[in-house]
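Asker: Construct the entire structure; sequences and hints are all you get.
The sequence shown stops at residue 184 when you use the working numbering, and every number in between is there.
Hints are not guaranteed to be accurate.
Claimed, not checked - EDC-like, lysine to aspartate or glutamate: derived pairs with alpha carbons at most 16 Å apart:
| no. | residue 1 | residue 2 |
| --- | --- | --- |
| 1 | 172 | 162 |
| 2 | 101 | 91 |
| 3 | 95 | 106 |
Said to hold, decoys possible - Derived DEER-like restraints, expressed as beta-carbon distance ranges:
| no. | residue 1 | residue 2 | range |
| --- | --- | --- | --- |
| 4 | 143 | 89 | 44 to 52 Å |
| 5 | 164 | 128 | 55 to 63 Å |
| 6 | 131 | 171 | 53 to 61 Å |
| 7 | 176 | 153 | 25 to 33 Å |
| 8 | 107 | 130 | 37 to 45 Å |
| 9 | 95 | 146 | 37 to 45 Å |
| 10 | 103 | 162 | 39 to 47 Å |
| 11 | 173 | 145 | 35 to 43 Å |
Everything labelled a hint here was simulated from the structure, so no lab data went into it. Computed from a prediction, not measured in an experiment: that's the story for all the values here. Ideal Cβ placement from N, Cα and C applies to all residues, glycine included.
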Amino acid sequence: MDTSRLSIDLVKKIAELAKLPLDEKNFSILQKQLESSFTYINKIQSLDTSNARETSQVTGLENIFREDEVNKKRNLTQQESLSGSTAIYKGYFKVKAIFDEE
Numbered sequence: 083m084d085t086s087r088l089s090i091d092l093v094k095k096i097a098e099l100a101k102l103p104l105d106e107k108n109f110s111i112l113q114k115q116l117e118s119s120f121t122y123i124n125k126i127q128s129l130d131t132s133n134a135r136e137t138s139q140v141t142g143l144e145n146i147f148r149e150d151e152v153n154k155k156r157n158l159t160q161q162e163s164l165s166g167s168t169a170i171y172k173g174y175f176k177v178k179a180i181f182d183e184e
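Answerer: Here it is as C-alpha cells:
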C-alpha cells in the first residue's frame, strides 16, 4: 500500500468504520498518525526474516494458571443476585438495548 499520502476521504472512512467521532482538525492529526504507522509497518515488512526461527513462546514459562475452583461460599443464588435490581424480567436483569441501528 502506498502510504506516502493517505487521502482525507480514506481517513474519514477509517474513522467512520472505527466509529471515531472526529472533527476536521482531528482528521488531519489522524492522517499523520496513520501515515507514520503505515510507514513503520512497511519498514518492518521489508525485513528479511527468512533465517528467523519461528517462536510461539520465548519466556520458558509453563502454565502458571491455577485450575478453576468453585467457591460455594461466594456464590449467590439467582434471587440473591437480582435482589438489588429494580428492573427484572422473567428472572433476568432487564437492561436497555445496545444494538446500533447503523
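Asker: Tell me, which hint numbers fail for this structure?
Answerer: Violated hints: none; all satisfied.
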